[in-house]
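Visitor: Chains as they are written, first to last, in my numbering: chain A, 6 to 1118; chain B, -11 to 389.
Check the hints yourself; a few may be wrong.
[To be verified] Some chain A residues near chain B, calculated using beta-carbon distances under 10 Å: (1) D231; (2) K264; (3) R270; (4) V347; (5) V359; (6) F368; (7) P472; (8) D479; (9) E596; (10) S599.
[Stated by the list, open to error] Below are the DSSO-like pairs computed for lysine-lysine, each with C-alpha atoms no more than 27 Å apart in a straight line: (11) A:K995 x A:K1038; (12) A:K1040 x A:K995; (13) A:K349 x B:K132; (14) B:K306 x A:K349; (15) B:K306 x A:K8.
[What the hints assert, rightly or not] Not close to chain A: a few residues of chain B, all C-beta gaps over 10 Å, as computed: (16) E12; (17) A228; (18) A233.
For the record, the hints were derived by calculation from the structure and aren't laboratory data.
If you're wondering where the values come from, they're calculated on a predicted model, not measured in any experiment.
Here a beta-carbon is modelled for each residue, glycine too, at the ideal position from N, C-alpha and C.
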Amino acid sequence: MPKRDDLRRILLIGSGPIVIGQACEFDYSGTQACKALKREGYEVVLLNSNPATIMTDPDMADRTYIEPITAEVVERILDCERPDALLPTMGGQTALNVSLDMHARGLLDKYNVRLIGADADAIRKAEDRGAFKLAMANIGVATPESYLVRTRDEAAGAADAINFPAIVRPSFTMGGAGGNVAWNREEFERHVEWALLTSPVGEALIERSLIGWKEYELEVMRDARDNVVIVCSIENMDAMGVHTGDSITVAPALTLTDKEYQRMRDAAVRIIREIGVDTGGSNIQFALNPADGEMIVIEMNPRVSRSSALASKATGFPIAKIAAQLAVGYTLDELTNDITRVTKVSFEPALDYVVVKIPRFAFEKFHGSNPALTTQMKSVGEVMALGRTFKEAFQKALRSLETGRCGLTSLHGLDRHLPGDAVAPDAPERVRAALREAHPDRPWHIADALRLRVPAAEIAAATHIDPWFLDQLDELVRCEQALLAHARESASRAAATGAARPVEARDGAGAGSPPVEERWRDPGALDLLKEAKRLGFADERLGQLLDIAPEAMRTFRRDHLRQPVTFARVDTCAAEFESMTPYLYSTRGRECESRPTTRDKVVILGGGPNRIGQGIEFDYCCVHATLALRELGIETIMVNCNPETVSTDYDTADRLYFEPLTEEDVLNVMDVERPMGVVVQFGGQTPLKLALPLERAGIPILGTTPDAIDRAEDRARFSELIAELGLRQPRNGAARSDDEARAVAARIGYPVMVRPSYVLGGRAMQIVYDDDSLRRYIARQMFTAARYPLLIDEYLANAVEVDVDAVADGADVVVAGVMEHVEEAGIHSGDSACSLPPHSLDADVLDRIREQTVVLARDLRVVGLMNVQFAVRGRDVFVLEVNPRASRTVPFVSKALGVPLAKLAMKVMMGRSLRELKFTAAPATSHVAVKESVFPFVKFGNVDVLLGPEMRSTGEVMGIDRDFGWAFAKSQAAAGLSLPREGTVIMSMKDADKAGTVPVAGALQAMGFTLLATRGTASYLRERGLAVTTVNKVKEGRPHLVDAIKNREARMVVNTVGTASSQDDSLSIRREALRQNIPYFTTIQGIQAAVTAIDAMRKSPLTIKPLQAYHSG
Amino acid sequence: MNRALLALADGMTWEGRALGLTGETAGEVVFNTAMTGYQEILTDPSYAGQMVVMTCPHIGNYGLPEEDAESRRPWAEGLIVHEECRRPSNWRSDLSLHDYLTRHRVTGIAGIDTRHLTRHLRDHGSQPGVISHVDTDPGRLVEKARALPSITGRDLAGAVTCDVAYDWREGTGAWPQHHTAEGRGGAVEGRGASAAGHPTSAAATPLRVVVYDFGVKQNILRRLVDESCDVTVVPASTTAHAVRAMNPDGILLSNGPGDPQGPSYAVPHIQDLLGWRPVMGICLGHQILGLALGLSTYKLKFGHHGANHPVLDLRSGKVEITSHNHNFAVDVPAAARGGLDTPWGRFEPTHVSLNDECAEGLACAAASVLSVQYHPESSPGPHDASYLFGQFRHMMEAAHV
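The shape of chain A in the complex, shown without the other chains (with noise of 0.2 Å):
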């Protein structure tokens, strides 16, 4: 069937901000689904919160609204833009959940918008448990037993029936906020409580445990004519029990008989028909019991998700694409598949690869947290790699994660460990203890476990792993022990010769050094290490093994392995057909596909997996490097190993490697490719910290070079060029010791910043106010003071922070973007609200910060991005830190201010003058953008959500509108928390913040608000003539503030604290507010905000507004 004609104007949803369980997968279906509809010739109009994504670009979508997803905001696009369709399933849960809410209200009807992928009824019966769970029973396709609930007794009820453990579900949510396992009555209650809470529709689902069953997913297709097709099967290594976001997974499925996998895609077939996902992809999760093979369908994601942005990344077949085609009515038998431009599209991919995807976690960043892996999904991000053979891509995707990891290296310092080798007495035991329980290292502590010859039975039994995957980690144990035992070998044998060799040949082992040589030349060490190499084996990893630097390593491997790597194609048909779209992965095979061209061409490195304070930003800024440069004619070549981002979008460059971003993996890129040049500074400090080697290998670094990113990165060659620029920084020092550290925070006074250097995303960063404080620190930090030396930093105090964006030329330099903090310096950058333009600072300081950023960029001979953070005490200006480099803002700055920065740095660093661009000035705007970050803090129980010098926001939000209140507000509704008109409002505030907190409290008094405080918060305010009511502390007797949350009285709490005790004793209030999702605040600059926000809110109703209206002057 054709596309139909009878829709012109199209509304898109996106997903929102990045938050655990939906991050750039979202980015990546929501731009191929603008593309495809916009190529199709539909209107598409756009409603993403998100600045940081692609499809929020101007030129993405027509009409672009940048505001929060809520379905006030969605009632009125309808209102003002009429259109035709409503395309729910590119969003994510949010933006399904966001269309159901308004078919259920009738706007859908009322303005005449049909859904189309996939209509209400079909959403809610995949996804209301009770529904689906009935059509399942309607189609003959078992389910786990399950219950149903709305209250605790109907919970009680249900464990009755059940047994432990059971797992518990709110209804309605993102995998963000799935189940959780309760082993125990307690256990139980608990999370009864928290899913009746979570749950948009206070109903939770109680379930029989399927712990230990084998987990599949296959990404299925539907079109109007009813055909379907399954584009991949992916097995979970992870048994059930763990999220299958937190799963280790692999596609195609490994361990399944063509009976047990033809079994489940009959089912998914029946599935997508009767649940009715008429046109478009749905994901469906099967659990397999390894013992008989008895299959139970668990859940269906009637839409694009993240499972689905993987299966297009591992099989080239672009899921969100087709999807948005077939919802506007073509068949699969009308589409031409991209990679072979012969075949159809209406095919079952056939992988001659595996596909590995290996979770990125980040706990660290959550003091508090457990990391054990649950039902529940806690990573931040992941990777993907892709190999000839499990073993290979696994291998891959371990030194993808840059956890400083290059393989399977051992947790229990078994490295060197051969069978029969002593050990120490409690290694097994530990070992085994390990094992028990799901968390990030498991993989790790199974390679130890095979080190010491635990049975593969009792490793299969403590972890669920299908003892296929088991044998496969073993295979990698035996080969390194194969590899440690030669090297023991000829190590004992040169001894006896008396030609003794230091076996440590680390000590500057250069380029071919004898020893290498001599140990490894025979043709059995040869094999072996070709084995290796085959099986996956980073150079890196080799050298650690063998005590070889990784240097020498390389050049060994270079110049005597003869077994050069080689780049397949994925290209959807096992070769069946040629494939016309270089999508490559690097393997060690007979021929090279690589087939690279003559033409001028670039390569950008990008930003690797997600995690904390290195996200979508820095794929935004790759993914527009490509564009610029294709503007520019040159060829794009993109290495990245991120599967849900837009860069690792087949058709976003010309050329994409899916590697692992370590030296040799992108040097084996160039040795093939032989670009003009490598852009590194867009992708975060995952390239940034490869520009040395780098240029060192003779590529050329685009733009600014590496001796410049080193001025700004090193702390003392960064505090030499401050000085010769007659600039001021926070004094600081560094120190190796105790008393040294006492000694430096003396002489600077406290409070202090601290941290271990050489750490990012503000990691371990604390203020400390007092010597004491400062010991307990360096105890907890165990830091090796003599490797790591602490540094200490001034705390400047209730300083306004300012974070610059600019693009220079080398000549020329542009300030585009001055944004000021709403929360005062100290909190990390990454997480504080800012506004753009400021807000409060006045135009003498901003002219200066100007200044200093161009002196700043000048000096450095930046060609391209800087990002520069300022502190702002009274009339004194700080710099903090230079990044001459794409920062975090960079999209927040484009989308404010409608330039595109990056794609003009990009064009510079390839020669072009910012003044041949026609960029010599920020542009004046009349409106104001706020930035919000979110936090993750739902997902980790009883982390503290204070905001302090370490990053711990996963995502951002952008408010934009005619004044700061309404920007603030709209990015307080867009991070999920809808500031209150009226009501009463909880206040305990730190002394210090009490002089600060009487305006405040007067203007919430004025409009309104009852006034709720603690005993020296109400005393304060009254003795200053506010009318407040005393309210007990939680240690001060019932009912206390906590009380008054959980009742659900208050609409809004204001908590600030200053020192640790207090912190713990509030603690409470703040995870209260957290879980009844009542809009918080824990910065005196934070409240300050909110109220002139619901000041504007009370004066002036919600107005939207499209970017590209903003923007057209």
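Take the given structure of chain A and dock chain B to it, following the hints.
Guide: Quick look at chain B alone, frame taken from chain A:
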């Protein structure tokens, strides 16, 4: 692991590891892109005379469950894999690929860059090859490959067909059940579907089907039993006279190996039977039917071997994902695309491959014939085309009335 060598007639060689029975073997080398079902493939008699390259890199992972075999033994002359699994894992089998091949006297080779080999076969065509564990001299092995007879024109079906007729009574339901969740609050497999997910008809009158065994896969027989048929399998050389004497309700021309010209002795008998009783053709059976209709057949460059082939049903406009395994195809001339008049009535093309527009199906209402080039019995592969057995049954029922 011992060295082994694979040589093709065009001079290419690949070095690998010995797999299965130690020795030397030869056959036409073809690649199969199915990601599951190596056991069904190995035991499919259609692979007689051929050595199969599995493009899926891991083979042997789930062992070799006996009940998944498509015949009593492997027929492929050799097996070529990237990586063989040494310790399989599945609740039904822990037999390793190496042990299975050794037991069944099949020689194979592992450690081959099967993607490279597949690309080579795709570009240069399927061709004779030799695997040897004993003679790993490339020059000699290439010479041996060159000396091999072509598969074209050989009667491989005659070599794999049964010696004497036999009855078959087992349906797909005989596969391990265990899959329902009765008594656990879960739903039970619905009515109208067998354990393997095939539609089954509510058994009424058993129909009698004679299956011409050109190398039949047992799942064809099972699917017929699912459709309430009493099945008698007869040798490829069975005469029309003998079939008529059995008085069946329908005749099925089975799949099988090689060139349809090989068993062309079956053609006059099929011509005799056409129009007498409903006929269903599958794969080689489809090709022999084509010959019977006066059409010619031709050899494809590298054939269709896989479980992901989209076939468009020209009548319904729907696409089915199907299992394929053929090197030859019926040449339906452009003039006959709209229909082909034959002494038995007008034959319509019913199915076409979306990959390469290869003719994939023919049907004749007047003579009650339906015939497809692909495998509605799947095994391995998707069950999308399973409905064709139902259509065959309906044809037989209609002919009864």
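Visitor: The structure should be examined with respect to each hint, and the outcome stated for every one.
Guide: How the hints compare with the structure:
| no. | hint | verdict |
| --- | --- | --- |
| 1 | D231 | holds (7 Å) |
| 2 | K264 | holds (6 Å) |
| 3 | R270 | holds (6 Å) |
| 4 | V347 | holds (8 Å) |
| 5 | V359 | holds (6 Å) |
| 6 | F368 | violated (31 Å) |
| 7 | P472 | holds (4 Å) |
| 8 | D479 | holds (9 Å) |
| 9 | E596 | holds (5 Å) |
| 10 | S599 | violated (14 Å) |
| 11 | A:K995 x A:K1038 | holds (13 Å) |
| 12 | A:K1040 x A:K995 | holds (16 Å) |
| 13 | A:K349 x B:K132 | violated (40 Å) |
| 14 | B:K306 x A:K349 | holds (13 Å) |
| 15 | B:K306 x A:K8 | holds (17 Å) |
| 16 | E12 | holds (23 Å) |
| 17 | A228 | holds (36 Å) |
| 18 | A233 | holds (37 Å) |
The structure fails to meet hints 6, 10 and 13 from the earlier list, while all remaining hints are met.
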